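*Asks:* Residue-level listing of the chains:
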Amino acid sequence: MPGLDPSFAEWVLDEARRCGATATEVLFVSGESLEAGVRLGEIEKLKSSRERRLGIRAFVDQSSATASTAEFDREALKEFIAETVRLARLTAPDPLSGLPDPALHPHHLNDLELADNEHGIIEADRALDLARRAEKTALKLDPRIRNSEGAGFDSSRHEILFANSQGFSGGYEATSYSLGVAPIAESDGSMQQGYWYTTSRRFDRLDEPESVGRISAERALKRLGARKVKTVRAPVIFEPDRAASLIRTLAGAASGPSLYKGASFLIDRLGTQVAAPNVTIIDDGTIRGGLGSKPFDGEGLLTTRKAVVEAGVLKTYLLDSYSARKLKLQPTGNASRSVGDAPTVSPANLYLEPGRYSPEEIIRSVREGLYVTELIGFGVNTVTGDYSRGASGIWIENGELTYPVQEITIAGNLKEMFMAIEMIGNDLVWRSSTASPTIKIGEMTIAGA
Amino acid sequence: MTNELVRPEKFFANRFGMSESVFERIIGSALERRADYVDLYLEYRDAEGISLEESIVKHTSKSVSQGVGVRVCAEDRTGYAYSDEVTIDRMRLAAEAARAIADQRGERPLSVRIGQPAARHSLYELESTPLDVPIEERARLLSEIDRTAREFDPRIVNVMASFSAERKIVMVVNSDGRLAADLQPLCRLNVTVIADDGRSRQVGSYGGGGRVEYRHFIESERWREFTLKAARQAIVNLDAVDAPAGEMIVVLGPGWPGILLHEAIGHGLEGDFNRKRTSAFAGRIGDQVASQLCTVVDDGTIANRRGSLNIDDEGTPTSRTVLIEKGVLRGYLQDRLNARLMKMAPTGNGRRESFAHAPMPRMTNTFMLPGESTPEEIIKSVRNGLYAVSFGGGQVDITNGKFVFSASEAYLIEDGKATRPVKGATLIGNGPDVLTRVTMVGNDLELDPGIGTCGKDGQSVPVGVGLPTIRIDGLTVGGTRA
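Top to bottom, those sequences are chains A and B.
Taken in order, the first sequence gives residues 1 to 449; the numbers are from my numbering.
Taken in order, the second sequence gives residues 1 to 482; the numbers are from my numbering.
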């Protein structure tokens with residue numbers, strides 16, 4: 001079995017050249033993982049895996065094809081490479097296609113501390129114990145917590161090797177750990193689920209299981225007795241995780257492929273005001289140990305730190321080298337590549353810079369409005385900016401959280417919503433690769449009864 | 001993959017040199033501790049994708065994947081291990097990892113004898129699959145789609161079309177000695193267009209497919225129908241006004257709006273959530289949960305449909321399950337684990353995304369049986385309301401029963417007529433009571449064109465939905481116009 005061996009990558013690149021490829025990229029990913037689940041204190045599942053896949057993107061002049069396989073027998077690989085090159089020949093030439101400008105490849109890669117080799121994969125007994133501790137805390141918190149969808153602890157480890165025919169090669173290892181628990185609260189015959197989690201590239205940076213369990217139970221309890229409200233236009237406060245999902249929609253609209261396809265509400269908006277002046281959104285692929293960090297992007301370019309939005313002005317798009325050429329701009333190190341697909345674009349670690357208000361101050365500023373804690377559905381249209389999603393949360397009256405609400409929607413248009421971010425909290429915490437403090441949007445339509 | 005290898009029962013033996021005695025030994029080893037049930041799932045999949053944008057066929061892709069998953073069940077515990085190396089050694093290691101779930105106190109290893117291959121339906125015996133059609137021909141179709149959409153209206157400024165096809169061979173061998181195998185073709189054509197009239201920019205999408213041959217798209221020019229529907233949707237939406245906000249009468253058009261049933265009813269009736277009593281439908285079999293006009297089924301046995309299967313991913317033949325009969329809740333969707341624990345029969349709904357996943361109860365094709373009203377009567381009966389004909393995705397919180405689905409093409413109903421188009425909006429309701437508000441059911445049942453993918457617990461599987469035109473008296477529409 002070939003390991004993460006540069007000579008193996010060389011062999012693949014040579015073989016592609018021999019078949020007639022004029023340029024080639026090879027990506028090799030191998031990994032292992034262990035997922036442990038408990039429910040109501042008992043083991044529910046253990047899942048272990050080993051995987052490795054090879055992906056290649058081959059060019060014949062300006063035509064290309066991408067292919068992936070898990071068959072590593074040399075003869076099978078030869079046939080696979082030949083087939084990929086044949087497929088590339090069948091694809092129409094695209095004058096702007098190709099590998100990145102070779103001058104942009106880095107000579108040195110930083111160690112971003114993405115792998116926790118001290119801990120590696122957490123063995124089953126320990127993983128089960130962590131999940132059990134989180135769930136037990138949740139179940140003991142209140143007699144109304146009577147059931148659970150369970151708790152899970154997952155750990156995974158991946159190695160990535162990437163090389164291309166113009167001399168770039170690089171690799172890195174990454175680990176990831178996560179613990180999540182979903183208790184169910186019940187009263188008066190109705191049930192509500194609470195969910196909370198912690199995730200990190202380093203095992204010892206996870207939150208304590210007891211803290212995760214307690215928050216998950218509190219979130220379930222807070223939802224009990226939720227009702228519908230009347231349809232109204234009112235301020236909406238997004239709690240940090242929900243605010244992060246909103247920030248993420250902006251990155252989608254600012255990504256090169258959406259723009260050159262004409263599928264974004266941010267077309268031709270570079271250098272213009274797209275958000276309120278208090279809004280600065282940073283994308284940073286270089287944060288040590290960051291969940292979205294990588295030493296190089298999906299095309300072998302350095303990842304970067306940049307303001308996407310600064311004081312409300314759109315400063316940069318997120319670009320791979322193809323969309324950069326289409327838009328006559330420079331790539332931003334945001335190419336993202338899965339083994340089997342051509343590069344696309346995604347943010348690395350994306351966040352809204354914290355403001356000066358405490359979450360309590362933000363809530364106090366609202367006479368009547370909604371504090372959103374859950375969002376469901378896919379009602380975000382990146383082409384038009386139209387936004388309409390199912391929501392639940394807590395109703396605010398006279399600056400105070402009152403009763404829980406559900407079966408409502410919140411709607412607006414992203415162009416207006418970003419301009420209407422009136423207050424930004426000081427409570428930025430990294431919990432995934434996109435993060436945001438609490439935010440308040442001046443007015444949205446809340447549809448209910 | 002050549003045709004001689006395509007007898008699925010023999011495929012893995014031929015390709016990886018595995019005999020029944022190997023499977024018997026691996027299962028025996030997995031059963032060494034006190035386990036109730038063991039299965040091996042072997043999969044080989046090859047897939048190709050081709051896509052066009054800006055009038056150029058820019059991307060072609062190909063993938064080959066293979067792997068084996070070993071599952072050990074003991075009471076309500078599941079051990080699962082998989083590897084993408086299909087070798088005897090890897091299977092033995094996976095069996096050892098998976099059996100860690102079972103009780104330590106070993107009993108004598110049971111011996112398993114594999115019997116004759118189990119029966120399966122014949123829902124998609126194709127002469128050829130789209131993978132056999134030269135890729136040049138598929139590329140020409142995408143170019144034709146591009147031209148057709150642009151000719152439809154000069155305001156169409158971009159066309160994105162893609163065609164994906166796969167062929168999956170699966171085999172399940174279990175500790176009851178049962179062996180079942182299947183060859184599962186699947187393909188899908190998708191068209192998305194962007195329209196721009198200088199003032200506004202809109203998107204329209206349509207597509208379809210199934211376990212069908214390539215000529216499915218060529219016959220009766222289905223590709224053209226898909227293209228024109230996507231183009232028309234984008235153009236119509238250019239003139240869309242703000243959607244209303246609040247509770248109102250909603251008429252759903254036939255076909256894909258059946259996603260309502262998938263979210264509001266289907267997930268909540270999956271066996272796992274009901275065994276654990278975490279579903280809003282738990283313990284409600286026999287209750288009236290819909291109006292008497294509503295009968296809802298899940299049917300995995302319809303020929304050539306995207307959501308159909310000859311056998312599920314545990315080797316059980318799929319079936320037709322009545323979920324709601326004249327408004328009364330009748331049944332759950334079961335895999336083997338949950339059926340055994342609930343002392344019910346498996347319904348052929350144990351599905352998984354791939355060898356990298358343990359099966360769970362999942363839907364196949366979920367739809368409502370037709371009623372007696374004509375669609376015209378239904379629209380005419382509404383004074384003020386919303387007529388929604390096309391949707392994007394949906395989601396449900398199975399514990400509190402609240403579900404959403406997002407309209408991508410909808411019209412106001414004013415004085416019994418569908419009038420102005422409105423912008424996309426999310427609709428939200430409560431699963432256990434939304435169907436009690438159904439006051440008219442059309443005679444025009446349609447199944448969706450073959451586009452659905454359902455996500456649950458990180459696993460995606462192809463599904464179908466269907467609906468006749470229905471009238472719902474009271475659903476919250478999440479527009480901006482309060």
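For the record, the hints were derived by calculation from the structure and aren't laboratory data.
It cannot be assumed that every hint is accurate.
To be verified - No farther apart than 20 angstroms at their CA atoms in a straight line, the calculated lysine-lysine pairs in the PhoX-like style are these:
1) A/Lys-315 / A/Lys-222
2) A/Lys-78 / A/Lys-140
3) A/Lys-315 / A/Lys-326
4) B/Lys-380 / B/Lys-417
5) B/Lys-380 / A/Lys-140
6) A/Lys-136 / B/Lys-10
All figures in this text were calculated on a predicted structure; none of them were measured in a lab.
*Asks:* Determine for every hint whether it applies to the structure shown.
*Replies:* Verification of the hints:
Our distance criterion of 20 angstroms between C-alpha atoms is broken by A/Lys-315 and A/Lys-222, whose separation comes to about 40 angstroms. Between A/Lys-78 and A/Lys-140 the CA atoms are separated by roughly 59 angstroms; this puts the pair beyond 20 angstroms, and the hint is violated. Taking the CA atoms of A/Lys-315 and A/Lys-326, the gap is about 18 angstroms. The hint holds against a cut of 20 angstroms. As the CA atoms of B/Lys-380 and B/Lys-417 are separated by approximately 6 angstroms, the hinted pair is consistent with the 20 angstroms bound.
Among the hinted pairs, B/Lys-380 with A/Lys-140 is inconsistent with the structure: their alpha-carbon atoms are about 55 angstroms apart, more than 20 angstroms. For the proposed pair A/Lys-136 and B/Lys-10, the alpha carbon gap of about 48 angstroms is over 20 angstroms, so the pair is violated.
In this structure, the hints that do not hold are numbers 1, 2, 5 and 6, in rising order.
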